[in-house]
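Each chain is listed here by its residues.
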Amino acid sequence: MKANGKAKLSPWPYIKHNKRRMIALIISLSVFAVMLYAVCYVIDCTTKPFYEVELNKYDSENIVSIKYTDDSIKKDEKMTDEEYTKLFWDRVYENFEKDREKLKSVEHVDDVLMYKSGMLRFRSIMGEMSTPIFLFENTEDINTLFNHEKLKLIKGRMPQTRGEIVVDKKIADNQGDDLLNSLAEGYKVVGYVDSDKYISFGYAQENENNGWILFLTNQRTSVRKGLANLGIDVISCSDYYSEKRNLKNEVGSFEGVKMVFALVSNIVLSICIMVVLSLHISDRHNEWCLISSIGFAKIDIYVMALKELLVAFISGIILGIGLGYGCAELLDKLSMEPLGIHVSCLSIEGIKFAVIMIMVIFGLCQIPLFVNLNKVTTVDEIEE
Amino acid sequence: MFELKDATMIYDIEKEEMVYAMKNINLSFPDTGLIGIIGPSGSGKSTLMYTMSTLKKLTEGEILYNGESVINISDSKRQHLRRDEFGFVFQRHYLVPYMTAVENVILAANDSIAKSKEKARNLLLEIGLREKELNKKPGKLSGGQRQRIAIARAMMNDPKVLFADEPTASLDHENAFLVMKKLKEYSKNRLVIVITHDASIIKDADKVIEIWDGTIANIKESV
Numbered sequence: 001m002k003a004n005g006k007a008k009l010s011p012w013p014y015i016k017h018n019k020r021r022m023i024a025l026i027i028s029l030s031v032f033a034v035m036l037y038a039v040c041y042v043i044d045c046t047t048k049p050f051y052e053v054e055l056n057k058y059d060s061e062n063i064v065s066i067k068y069t070d071d072s073i074k075k076d077e078k079m080t081d082e083e084y085t086k087l088f089w090d091r092v093y094e095n096f097e098k099d100r101e102k103l104k105s106v107e108h109v110d111d112v113l114m115y116k117s118g119m120l121r122f123r124s125i126m127g128e129m130s131t132p133i134f135l136f137e138n139t140e141d142i143n144t145l146f147n148h149e150k151l152k153l154i155k156g157r158m159p160q161t162r163g164e165i166v167v168d169k170k171i172a173d174n175q176g177d178d179l180l181n182s183l184a185e186g187y188k189v190v191g192y193v194d195s196d197k198y199i200s201f202g203y204a205q206e207n208e209n210n211g212w213i214l215f216l217t218n219q220r221t222s223v224r225k226g227l228a229n230l231g232i233d234v235i236s237c238s239d240y241y242s243e244k245r246n247l248k249n250e251v252g253s254f255e256g257v258k259m260v261f262a263l264v265s266n267i268v269l270s271i272c273i274m275v276v277l278s279l280h281i282s283d284r285h286n287e288w289c290l291i292s293s294i295g296f297a298k299i300d301i302y303v304m305a306l307k308e309l310l311v312a313f314i315s316g317i318i319l320g321i322g323l324g325y326g327c328a329e330l331l332d333k334l335s336m337e338p339l340g341i342h343v344s345c346l347s348i349e350g351i352k353f354a355v356i357m358i359m360v361i362f363g364l365c366q367i368p369l370f371v372n373l374n375k376v377t378t379v380d381e382i383e384e
Numbered sequence: 001m002f003e004l005k006d007a008t009m010i011y012d013i014e015k016e017e018m019v020y021a022m023k024n025i026n027l028s029f030p031d032t033g034l035i036g037i038i039g040p041s042g043s044g045k046s047t048l049m050y051t052m053s054t055l056k057k058l059t060e061g062e063i064l065y066n067g068e069s070v071i072n073i074s075d076s077k078r079q080h081l082r083r084d085e086f087g088f089v090f091q092r093h094y095l096v097p098y099m100t101a102v103e104n105v106i107l108a109a110n111d112s113i114a115k116s117k118e119k120a121r122n123l124l125l126e127i128g129l130r131e132k133e134l135n136k137k138p139g140k141l142s143g144g145q146r147q148r149i150a151i152a153r154a155m156m157n158d159p160k161v162l163f164a165d166e167p168t169a170s171l172d173h174e175n176a177f178l179v180m181k182k183l184k185e186y187s188k189n190r191l192v193i194v195i196t197h198d199a200s201i202i203k204d205a206d207k208v209i210e211i212w213d214g215t216i217a218n219i220k221e222s223v
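Residue numbers (my numbering), protein chains in the order written: chain A, 1 to 384; chain B, 1 to 223.
In short, the hints are calculated from the structure, not lab data.
Quick reminder that beta carbons are idealized off the backbone N, C-alpha and C, glycines included.
Misleading hints may appear alongside valid ones.
Unchecked claim - When the alpha-carbon atoms are kept at most 30 angstroms apart in a straight line, the in silico DSSO-like pairs for lysine-lysine are as follows:
1. 19/A with 8/A
2. 220/B with 57/B
3. 375/A with 57/B
4. 181/B with 203/B
5. 8/A with 203/B
6. 207/B with 160/B
7. 307/A with 137/B
8. 23/B with 5/B
9. 56/B with 160/B
10. 375/A with 77/B
11. 307/A with 117/B
12. 140/B with 19/A
13. 56/B with 375/A
14. 132/B with 19/A
15. 182/B with 8/A
16. 16/A with 132/B
17. 117/B with 298/A
18. 132/B with 181/B
19. 115/B with 16/A
20. 181/B with 298/A
21. 307/A with 136/B
22. 298/A with 220/B
23. 333/A with 155/A
24. 160/B with 8/A
25. 182/B with 19/A
26. 307/A with 352/A
What the hints assert, rightly or not - Partner residues aside, some chain B positions facing chain A, computed with beta carbon under 7 angstroms:
27. 50
28. 55
29. 56
30. 57
31. 79
32. 83
33. 90
34. 94
35. 96
36. 98
37. 99
38. 103
39. 108
Please model the complete structure; the sequences and the hints are all you need to start from.
Here you go:
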């Protein structure tokens, strides 16, 4: 007597003849997937702009503060404030120029520029952030930055005189009429660039009273160590890693919100689906007892039920993600685009999140399945 | 083919008043032929069928099938016997309510779906179902039609032994004899064991075993 492993139990008759039940299950799962995907998308729209606006530029830049002031410069009684400021910054630029070649010798650094920083604002759907605009003292430095970042002027022209700036198109869309409110008076937009790094730059006005050093690098790096090796005292250094840490502290709480939402909705849906599934399985007790009586093992019944569930869950996931993507497109057109927020509607994070959460429910569904399989006997016992 | 040695089945073995469904039954069955088992309700005839077909385990004694015990066999051997060697017609049909007549028959099939479908259709037509009834679900069919589907399902894998518990219970006299004629034909090269309390339907049986209170009351062989 040899065990026979030929024909398997097919999941299709049940699926074919119980369309309403299957469709109800698929719709419940897909609605859940849509919810998860939409939450991920909305959170993406909140956090991604923070990351992109704040972080992307540090893939090829470091912003460093080094003391180049000269304590010998004292304000003369005859000097106006403007004259003193000009003298002060002329001396700082002179000192920087003396050091420039040394600074360029740091590993992965292509060039080093001194700039004065203005601030532009960027609104996300929750909160607002600042991003620097690089204001230079000459057009040569402007071109150096422009070429290094491989920027493309999509409209207008490059800055030629003091007070002229070129801004990133996305920032301009996002801020609209408020674009120049965060800058000193007298600035004028003469062109637009479009880059993933949200870079804006211009020709500084005389009254700008700050100075920063911009390290143009050929890879994501931190110049802090290299500068320390050269014996240069760094007051502050903003690089990709330090900025990412700061951002995580600021926007990391959104991840918590996402997880709490997913957990609560997952528990509610899991309970509902497990109850419904238990009822469906109880209805099939006699069928499974018959199958067991005519020579199929419990594992065969389990595999058949598993296939039926998989069909429902995979369909639910595919439909849910498709609808979720559609919802994201709709949200994008209606809410995000007018805000100048550009976040891809195809959220890999959202897909992963929805799939994982639904597979957790799939895992939990094994409980009623096992409980009911355990009750399967042969038909003679039902007859008794 | 089958040999029962002191086969005993006791229900409520833990209780003081034990119920003997089968008591020291010694029987042998040939490889082919139509065997009728007759007796009143509760006489132990269904228990005899269930123990022989491995659905139930004897309390005491031995059942040999082709010389091998079917009592303490592995799960896989038991599944093989039930699936490939035996066919079952249960008293209450046990059809799957959401499946069509053809799908119910091929539920037990060992062949590919396409092959099995064709065979199932032929079996159902031979046993008296009409073409238009083949794709109907059991709920839309009469008791007699459902019984015929159960019989066709039992024949699907060409079993060596076909166990039929009251196979004509839901049929009128004419259809009952039609089914019995089919089973008689089927028993030419297989063993068909029919359990019934209606002596008239097994008048053509090769052997009739009469059971009373779990013991063999009489064995009548046709000449």
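Verification of the hints:
no., hint, in the structure
1, 19/A with 8/A, "holds, 22 angstroms"
2, 220/B with 57/B, "holds, 27 angstroms"
3, 375/A with 57/B, "holds, 18 angstroms"
4, 181/B with 203/B, "holds, 11 angstroms"
5, 8/A with 203/B, "violated, 39 angstroms"
6, 207/B with 160/B, "holds, 17 angstroms"
7, 307/A with 137/B, "holds, 23 angstroms"
8, 23/B with 5/B, "holds, 11 angstroms"
9, 56/B with 160/B, "holds, 19 angstroms"
10, 375/A with 77/B, "holds, 21 angstroms"
11, 307/A with 117/B, "holds, 22 angstroms"
12, 140/B with 19/A, "holds, 19 angstroms"
13, 56/B with 375/A, "holds, 16 angstroms"
14, 132/B with 19/A, "holds, 23 angstroms"
15, 182/B with 8/A, "holds, 29 angstroms"
16, 16/A with 132/B, "holds, 19 angstroms"
17, 117/B with 298/A, "holds, 25 angstroms"
18, 132/B with 181/B, "holds, 24 angstroms"
19, 115/B with 16/A, "holds, 20 angstroms"
20, 181/B with 298/A, "violated, 36 angstroms"
21, 307/A with 136/B, "holds, 25 angstroms"
22, 298/A with 220/B, "violated, 40 angstroms"
23, 333/A with 155/A, "holds, 23 angstroms"
24, 160/B with 8/A, "holds, 21 angstroms"
25, 182/B with 19/A, "violated, 37 angstroms"
26, 307/A with 352/A, "holds, 22 angstroms"
27, 50, "holds, 5 angstroms"
28, 55, "holds, 5 angstroms"
29, 56, "holds, 6 angstroms"
30, 57, "violated, 11 angstroms"
31, 79, "holds, 5 angstroms"
32, 83, "holds, 3 angstroms"
33, 90, "holds, 5 angstroms"
34, 94, "holds, 4 angstroms"
35, 96, "holds, 5 angstroms"
36, 98, "holds, 4 angstroms"
37, 99, "holds, 5 angstroms"
38, 103, "holds, 5 angstroms"
39, 108, "holds, 5 angstroms"
Violation of the numbered hints given earlier is confined to hints 5, 20, 22, 25 and 30; the remaining hints are satisfied by the structure.
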